[in-house]
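Engineer: Residues per chain are reported as follows:
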Amino acid sequence: MGEDQVPTPSQTVGPFFGYALPFEGGPDSAGGAEVIRIEGQLLDGAGEPVPDGLLELWGGQQFARCRTDAEGAFHFTVTKPPPGSEPGDEAPHLHVTVFARGLLRHLATRMYFPDEEAANGRDRVLNVVDPARRHTLIAQSDGAVLRFDIRMQGDSETVFFAL
Amino acid sequence: MSVSHGDSEPPYLHPDYRATVRRAPRRELVRLPAEWFHHLPGPAFGRVPVRSEDADLTRQHEREPLGERIVVSGQVLDSDGRPVRHTLVEVWQANAAGRYVDPVDDHAAPLDPNFTGAGRCLTDAGGRYRFVTVKPGAYPWRNHENAWRPAHIHFSLFGPSLASRLVTQMYFPGDPLIPLDPILQSIPDEHGRDLLVAALDLTITEPQWALGYRWDITLRGRNSTPREG
Ligand SMILES: [Fe+2]
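Each protein sequence line maps, in turn, to chains A and B. Counting from 1 along the first sequence, just add 1356 to a position and that's the residue number in our numbering. Counting from 1 along the second sequence, just add 514 to a position and that's the residue number in our numbering.
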C-alpha cells in the first residue's frame, strides 16, 4: 500500500555521545513511594564491562535514559507498569534499548519483574522464548533493588528481539 | 503488503568494524509478530528538554565557532511516506577540527571554546527539522592502521513507535573517506549507504551566509518488516 520508502539505515551511537544524549534526571522516570531502583551492568562477549553504552527504558508512561559508567554500570528508578498497559496477555515489563560503540544497530530487550511469577508464566512473549534463556529477561531481587545485567554476547547472552 | 529491507541495514557483526566482534549478539534475535509491538506508542520523550535555541549550534556561546557554517535540514517521514510531526531529533558532532567536546575524545586537535556540538529540535507540522551548525572535521580512530572517519553528524530520532527508534549518522556528499569507512560500508547495499549521504541544496543554502544540505529521514513504521537477524 504505497510502502516503498526504504527506512534510513542505522549506524552506531559511537563513543562520543556522553555530552549530548544524557539529560538531567534522565535515569529517574518516577518518584514517590512506589519507586523501584534498578541496577545493572552492561557486559560484552568477554564478560568485560561496556563503559560507553547508553540504555533507554520505556514502559507505561515512563521514559528514562542512562549512560553506563566506567564499570559498565547503569541504574534507573521506575514504577512497575500496571498489568494490561499493553494489549494481549503480557505481564508487567519494561522495554529496554541498548546503544553502544560497536553496535551498528541498537538492541531491544525487556525487563520483567521477579515478584510476578504467575503473570510471567502466562506472558505471551516469555512463552515464545527458549525456556533455558527466559531468566535473562527477568530481573533479580537484590535487597532493596532489582538487579538486571545485560550480556551482549556469550553463554548467557541476554535475549534480544528483532525490531 | 510489507517489503523487506534487509540489505539496507548493517549487520550486527561486521568484523571490519572491530568493536562489533565482542558486542554483536550471536544468538538469533527473537522475532515477535509485528502486531505485538508495532502498534505500541513509542517512548514519551517529553522529559528531554528542548529549547528553541538548541537548533542553532553556532549560537550557544559568546562568539561564533570557527569552521564552515552550514544549515542541515530535511523531512522525517514514516515508511508510508507520511511526515512524522513533533518528534524529537537530537544531533551531536565534532567541531571543524574533528574534535568532540566529550572528555573521552583524546584526538590532538583543538577544542573550540565557542562550539559544543550538541543540538535538539522537534519536527514541525510537516515533519521538517532544521539545524544551523558548522561542518564537522574528519577525525582519526584506532580501528585499523591509519583509520579516519569521514565527516559526519550523529542523529537520534524517536518517531511514533518502539520500532521507529533510530540512531544513525549523516555524511557529506563527495567525501573521499566514505569508501574507506567500515562503519558506513557495513551497510551491504549501495542504495542503503546513499541514504545516509546528504545532498548540497541551494534552496536550503542561505545566500552570503551558509551552505545548505538536505537530508531526509525515513523511520520504520507499521508496515516495515523486522530487520534480518
Ligand atoms: Fe562521530
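Treat the hints with caution; some may be incorrect.
Pair by pair, the computed Cβ-Cβ distance ranges are [as the list claims (entries may be wrong)]:
id: 1; chain 1: A; residue 1: ASN1483; chain 2: B; residue 2: ALA713; range: 46 to 52 Å
id: 2; chain 1: B; residue 1: TRP723; chain 2: A; residue 2: ALA1402; range: 35 to 41 Å
id: 3; chain 1: B; residue 1: GLU659; chain 2: A; residue 2: GLY1499; range: 38 to 44 Å
id: 4; chain 1: B; residue 1: THR717; chain 2: A; residue 2: ALA1389; range: 34 to 40 Å
id: 5; chain 1: B; residue 1: VAL618; chain 2: A; residue 2: GLY1499; range: 42 to 48 Å
id: 6; chain 1: B; residue 1: ALA713; chain 2: A; residue 2: GLN1496; range: 39 to 45 Å
If you want the footprint, here are the derived chain B segments under chain A, 3+ residues with CB under 8 Å [to be verified]:
id: 7; region: 563–576
id: 8; region: 611–617
id: 9; region: 638–649
id: 10; region: 673–684
id: 11; region: 713–727
The set of hints was computed from the structure by calculation and includes no laboratory data. Every residue gets a Cβ at the ideal spot worked out from N, C-alpha and C, and that includes glycine.
Engineer: Work down the list of hints and note, for each, if the structure agrees.
Structural biologist: Okay, the hints, checked on the actual structure:
1. ASN1483(A) to ALA713(B): 46 to 52 Å: holds, 47 Å
2. TRP723(B) to ALA1402(A): 35 to 41 Å: At 50 Å between Cβs, range violated.
3. GLU659(B) to GLY1499(A): 38 to 44 Å: violated, 49 Å
4. THR717(B) to ALA1389(A): 34 to 40 Å: violated, 55 Å
5. VAL618(B) to GLY1499(A): 42 to 48 Å: Given range 42 to 48 Å: violated, Cβ gap about 32 Å.
6. ALA713(B) to GLN1496(A): 39 to 45 Å: violated, 50 Å
7. 563–576: violated (count 1)
8. 611–617: holds (count 4)
9. 638–649: Three-residue rule not met by the region 638–649 of chain B, so violated; n is 0.
10. 673–684: Since 7 is at least three, the answer is holds.
11. 713–727: With 0 residues closer than 8 Å to chain A, the region 713–727 of chain B misses the three-residue bar; violated.
In summary, the structure is inconsistent with hints 2, 3, 4, 5, 6, 7, 9 and 11 from the numbered list given earlier, while agreeing with the others.
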